[in-house]
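A.B. asks: Given the coordinates of chain A, work out where chain B should sit on it, guided by the hints.
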Amino acid sequence: GESVGLHLPTLSVQEGDNSIINCAYSNSASDYFIWYKQESGKGPQFIIDIRSNMDKRQGQRVTVLLNKTVKHLSLQIAATQPGDSAVYFCAEGDSGGSNYKLTFGKGTLLTVNP
Amino acid sequence: GAVVSQHPSWVICKSGTSVKIECRSLDFQATTMFWYRQFPKQSLMLMATSNEGSKATYEQGVEKDKFLINHASLTLSTLTVTSAHPEDSSFYICSANTDTGMRYEQYFGPGTRLTVT
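First to last, the sequence lines map onto chains A and B.
In this text, residue positions in the first sequence follow the working numbering: the first is 1, and each later residue adds one.
In this text, residue positions in the second sequence follow the working numbering: the first is 1, and each later residue adds one.
Next up, chain A with everything else stripped away, as it sits in the complex (with noise of 0.2 Å):
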């Protein structure tokens, strides 16, 4: 059931700021990564993907960032909207594992203020 207290890290941002949203993941064999958007009341949404081999791909606004030494995941989102208000989590993966299960981060709340 729920855990009393507890609380999604929350983000706020003025509409126009660039916003950063960290994520540490825990598996050292985790070989791909993956950062979902998720609205409320809606399934999780993809956004971007990276695999161990990189330690930085961009997309469209967005740009995701990968340290392996100290296994830590960043998602910075340039030129942020109101649309992009939304839950965002990390999802890590080990491809040597079994049928490629995903392991969701705490997720991090994003407020973008207009």
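In short, the hints are calculated from the structure, not lab data.
Not one of these hints is a red herring.
Computed, partial: chain A to chain B, Cβ under 7 Å:
hint : residue
1    : Leu8
2    : Lys42
3    : Asn99
4    : Gly107
Just so you know, even glycine gets a beta-carbon here, dropped at the ideal spot from N, CA and C.
C.D. replies: Below, chain B without anything else, positioned relative to chain A:
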């Protein structure tokens, strides 16, 4: 492409009854389907993984006799919550991946909100 649907989108049931949730891949054949549960303000927790024609693999702590998964075809998986109790109230989300393209990318359904009274 790669659209996953769920039905129903929300359901209210009485304690002790069973509820079935369907997950369909609409425009692709799903090699594997996954079922997650998400409580308010929390992350997605994987409940089980299923492959067509095989028994589902449940994560530790998930009761397989309570959460019955049937993966009848390459486009349909069902989750039945048996003898539901109020603590089973949650947001249930399915996803699917394919054996083409990025094998690890999961396409998510819109979720099903279950409320047990």
